[in-house]
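Number of protein chains: 4
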Amino acid sequence: MSLVSKAAVLDGIEGQFHIREYEVPEPKQGEFILRTEYAGVCGTDVHMYYGHLNTVEYPIVMGHEFCGKIEKLGSVDIVDSNGQQVKEGDRVVIVPGVSCGECYYCKIAKTPTRCSHVQAYGFLPNREPHLLSGGFSQYVHIKYENTSFFKTELEPHIAVLTEPLSICVHGFQRAGGVRFGSTVLVQGTGAIGLGAIAFAKRSGAAKVIAVGGPKRRLELAKQLGADVVIDIDDVKDPQERIKLVKSETKGGRGPDMVVECAGFPGAVPEGLSYLRDSAEYIELGHFTDVGGVEINPHWHILRNNANIRGVWGSDVEHMEMTLSIIEQLELPYDQLVTHKLPLNRIGDAIQAMSKKGYSLDGKEEVIKIAIDPWQALANQ
Amino acid sequence: MSLVSKAAVLDGIEGQFHIREYEVPEPKQGEFILRTEYAGVCGTDVHMYYGHLNTVEYPIVMGHEFCGKIEKLGSVDIVDSNGQQVKEGDRVVIVPGVSCGECYYCKIAKTPTRCSHVQAYGFLPNREPHLLSGGFSQYVHIKYENTSFFKTELEPHIAVLTEPLSICVHGFQRAGGVRFGSTVLVQGTGAIGLGAIAFAKRSGAAKVIAVGGPKRRLELAKQLGADVVIDIDDVKDPQERIKLVKSETKGGRGPDMVVECAGFPGAVPEGLSYLRDSAEYIELGHFTDVGGVEINPHWHILRNNANIRGVWGSDVEHMEMTLSIIEQLELPYDQLVTHKLPLNRIGDAIQAMSKKGYSLDGKEEVIKIAIDPWQALANQ
Amino acid sequence: MSLVSKAAVLDGIEGQFHIREYEVPEPKQGEFILRTEYAGVCGTDVHMYYGHLNTVEYPIVMGHEFCGKIEKLGSVDIVDSNGQQVKEGDRVVIVPGVSCGECYYCKIAKTPTRCSHVQAYGFLPNREPHLLSGGFSQYVHIKYENTSFFKTELEPHIAVLTEPLSICVHGFQRAGGVRFGSTVLVQGTGAIGLGAIAFAKRSGAAKVIAVGGPKRRLELAKQLGADVVIDIDDVKDPQERIKLVKSETKGGRGPDMVVECAGFPGAVPEGLSYLRDSAEYIELGHFTDVGGVEINPHWHILRNNANIRGVWGSDVEHMEMTLSIIEQLELPYDQLVTHKLPLNRIGDAIQAMSKKGYSLDGKEEVIKIAIDPWQALANQ
Amino acid sequence: MSLVSKAAVLDGIEGQFHIREYEVPEPKQGEFILRTEYAGVCGTDVHMYYGHLNTVEYPIVMGHEFCGKIEKLGSVDIVDSNGQQVKEGDRVVIVPGVSCGECYYCKIAKTPTRCSHVQAYGFLPNREPHLLSGGFSQYVHIKYENTSFFKTELEPHIAVLTEPLSICVHGFQRAGGVRFGSTVLVQGTGAIGLGAIAFAKRSGAAKVIAVGGPKRRLELAKQLGADVVIDIDDVKDPQERIKLVKSETKGGRGPDMVVECAGFPGAVPEGLSYLRDSAEYIELGHFTDVGGVEINPHWHILRNNANIRGVWGSDVEHMEMTLSIIEQLELPYDQLVTHKLPLNRIGDAIQAMSKKGYSLDGKEEVIKIAIDPWQALANQ
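Chains as they are written, first to last, in full-length UniProt numbering: chain B, 1 to 380; chain S, 1 to 380; chain U, 1 to 380; chain C, 1 to 380.
One chain only, chain B, in its complex shape:
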């Protein structure tokens, strides 16, 4: 008897999410069917809802941060990206981006996040051959050749964080890693900013400064390792913040690394002004175009002998690194997922993450919302 999967289908830009049912196909050789446990709602999903990604076609089943259990294997020889054999019932985390493995960026530049033919679960139109390819669905058909995934014994509400946290791991790697004993400043305290805080400390930073807000996120920042938090609601003037940041660093030189996870154009010149000379600036926040900003090439780049890295996504390597760390359960990663919602509340999640200032149902503070496609649909 074949399975049926409920999925949340977005019908267009700023459209409706419809809960539809699809028959789950039989997986072929090398493929498998995943029974989704959680799928995180990402800032990129918000941008797709508002039509900011011009490559997206609608209708679409979004959801690229997801994990679950293998429901049915198409063949018995399937191994994860660590070479471990998997079996039905195993929990796995899927790497959403499927790079072609053949193009210049995959084979020669070895930066597969810029693959010329990348496709990704959660970014494909909801029609054949892409049905059941997004995480906002009870089952996902894992079928694209070169799909990477990792077996894990993490609980699913932590495993689901692997993808968003891997972005900061890519960022640190691009900067040659976090200098041991250094001071790292993170701009922005959303899910990626909080991950950067946690991992900066875990990668060797002696001191971590978080600039963000609101209060509840700054509380969690402290639990994840931030030594100093600066609330942008308390210190509204960027010049004041620059002075304050400098005063929190050795010799007043400024942080050794600044990680931009705010995604606000003005954060860039401000963050470059925090930096000590000869240091690292990691740009993670502007994954979509939210406008330009004036910088001064002399003061912001050349005179401070700066290194700036733009970091696009993450690849299998960064997922593996991330998972290996969170599997140690050393930090309260589980506090990052603040809400678990059914399929028919994705629209609410998107509103919370855009127009409603990270509040949901009027009272709660949203960090990461995970969709549980098996949760009973909400009355609406």
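Calculated directly from the structure, the hints in this document are not laboratory data.
You may find that some hints are simply not true.
[Said to hold, decoys possible] Some chain C residues near chain B, calculated using beta-carbon distances under 10 Å:
#1 G252
#2 H318
#3 E327
Computed from a predicted model, the values in this text were never measured in an experiment.
C-beta: ideal position from N, C-alpha, C; glycine also.
Here the structure of chain B is known, so what remains is to put chains S, U and C in place on it, guided by the hints.
Just chains S, U and C now, kept in the frame of chain B:
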């Protein structure tokens, strides 16, 4: 009998150069007196003339790109930075920046160009204890502890290029070197841009594209290794230039490295738009503040997975690397010095390099002007 | 009418090469048939002949350094690894190693030469499904998924060098590139050693020292850029060679990089003794096990603050870098191929490269032997 | 009234330690007198006792790992290497190696641990001008130009660990840092091995394996972060250890990094055999010559695509990085100092660390012995 040195003293911002005479002191233990052969006129000298460097005090004897012969040693045990013993009569190239060797940037960050207490020949006020510390003088008193210099057998009109050319060597080093077989684009065809062209090819680039002008410089660019030259007078529209550049690269992806040596703010977003994804942008041009420019953090930095390096000056290491290469005399480096002028024509040199569009005496095309302090003064 | 291909089949360890004929199959979707122009004989082929590679199964058609023209495309959409569309008649260079693109080493460590499931043209048993998979054959069936190749307009006797030369490019890359202005010493003057000499200079070395022999190879070393050659027949004592090498370097410190391409165990401690402190040692020579050697961890590794890299093979990236450079035709690469032989002289080639001290037909000095499978068979 | 300092003077190879008294001089401009709190006994001190360092002259006051309080400043303008002003009474950690700041290795290679003219506190003959230059003394005259030191508020029994722990920080830095989420294996569980264990985890390792002994050290290894400990007394056969190590790593591939802190020649081939392909081997253990060992260049270096780093000492940078971390007091660093002894028990300390198998007074397990020169002399 003591020596007397003529020197060109600039009396203030946009002031006069006065030829003054100074008694040359006896060098002490570890010091020496250099008989200057050539001192190059740098874009930074132009900026100092116009008062764009707020740390400079006047009157001043400028000149930080200089070489000459050791006239008198203060002690017999003096060695150059390669550990070679020197004697009177030896030709040496002076490293103008004297870093303290003690501060955070010298000892810990190991980026001495950002030394907290740097002083530099050619940047000090013309009074005790700094008399005879600039290259626009017949003799220079090499006296600051930690001064670095290199013995060389190069002819002086080539040796004088070591310092300006070392800037691009620092730039390439910061980017992890030039990728073997890559395509490098250089924006700007002044002395540093031309050096970047020559050294990109010598460091392993397969193809070098120069964007600059005017014609005569582009001719020299070709002699130094440029495979393609784009005259900004011929292709005036930046969007056209972007298309043209892309079309000159493999798969239309864009260059693997872009080196900004133009020093014009608009060059930065244009250059970032040339770049292939996951590539290197080296900012060498904005050694002074000539204004801001709008960039888009998404398109110019993050989406193309870019690496951007601001490169401040050069240190002993880069001077050593540069000298080792130009000593091989493989390229027509001597064509970079287009004019040799006496001390009382520094003002003309500065005019040529600022208001007069690189023309001197109405007809010639200026690249690098070298001051020969022993040349008979011009009638004026 | 279907094509027939002559191929040289080695029947076992130290066995015979038989010239057999095979029907050339129709290429399927994504595949093509290559008409081989040249296939180089590599030291590894010699080792396979003598049974030193325990993974090899016989009978076998060897030949992994090869280029030719596309005889027949299996589909019209085939592009090379630079994304360039190819058509029948185009000349291409094949990357022999076909990494799986899926395993830990391919996706996570990003060192595909250590792929867990690598297969390679020229290393597979001569039976289905591997018929016509080695370069010592008139036609090669290019069929393994993930096969990389590059279109080129180089003449074939130069194009055939891409693979062996790419080994040194991998070596330099692993060491962070050749330091600009540095002194590089190459141990061994076979095909790879000569390539290392040429490319060290082209990558930015100021001075290249070659230690090897015999005379004719040292002559070619000079033409490719060696500034100093040391003939091991003239200077037989390693201690003498160490002194001599040191005397050829600045301050007697030793070379900044030593590249081991001799493949003789004693070369390793000798080469480590050449090195200046804090420098780079690249081990390229021991691609097979030719025995052990005593080293002293204190003197050879720790005290000189050395960096040592073992370099296994090359991947698509290094082939692309190499091809981009040799396509510039700046050096007499064509002198590396000293002999072009028919299929039934592979045995002679192997004898020349092992027992006969690089002499063929009693008089000539062998560097690289290329097999031309279309040349008339020799009378034997 | 001038101060008098007791110091422990070693009179020759395998000689006696005599407690002598010296008048403490007045510090000059830029100098200061340190009142020693602790001076650690290092394996190098043991080697100097036995005459294994051929550059050492006797009699000597050893002790290069030391901290204390500033007793008297020679001038008021003295700042530490972070640019912080110091005053009398401040606790400081001294960087023992004083590099010249001028030579090729200081300025050009930027690896000051290989400085051509290095001198170091604790390594100089006990005669003018070097009196009171070793840590095994109540006062040390901090007088060499370019001496680096750091102010700290750490307790002295932790501050004294900065120097030995900084060696592993140098090691990790040389390998490009510890890969985030990786598995690191440390060979040897002495003070440096234990530091490597602690810092590997703190630098981003997910899993740390320690191979060493005896039991008490392995217990401390666990407290400092080792996830797996392998007692070499339990698993005596290296081949067994290799199997066991592999079985403790993902996919049986072996550790991503192996740090050799055992200083036993056989550890080198064994450790290289643990390593996964394309990984990092850091050689910290052989700071003196304890003999050679056979390696196989094919299997140990080339075939596994290995990177091997010899790491000589540490410099100011590594001391700063180390201090910044241990100041966070996140781990039980204080358990590393197992014994605090008076000046006249240095001989006992050396016996414990050489002939007596790390036992002192018949019962205790020695890790790091710190000399407290103010402790009442033991009856002997």
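Consistency of the hints with the structure:
1. G252: Holds, about 9 Å.
2. H318: This hint holds: H318 (chain C) lies near chain B, its Cβ roughly 9 Å from the closest one there, short of 10 Å.
3. E327: holds (7 Å)
Violated hints: none; the structure is consistent with every hint.
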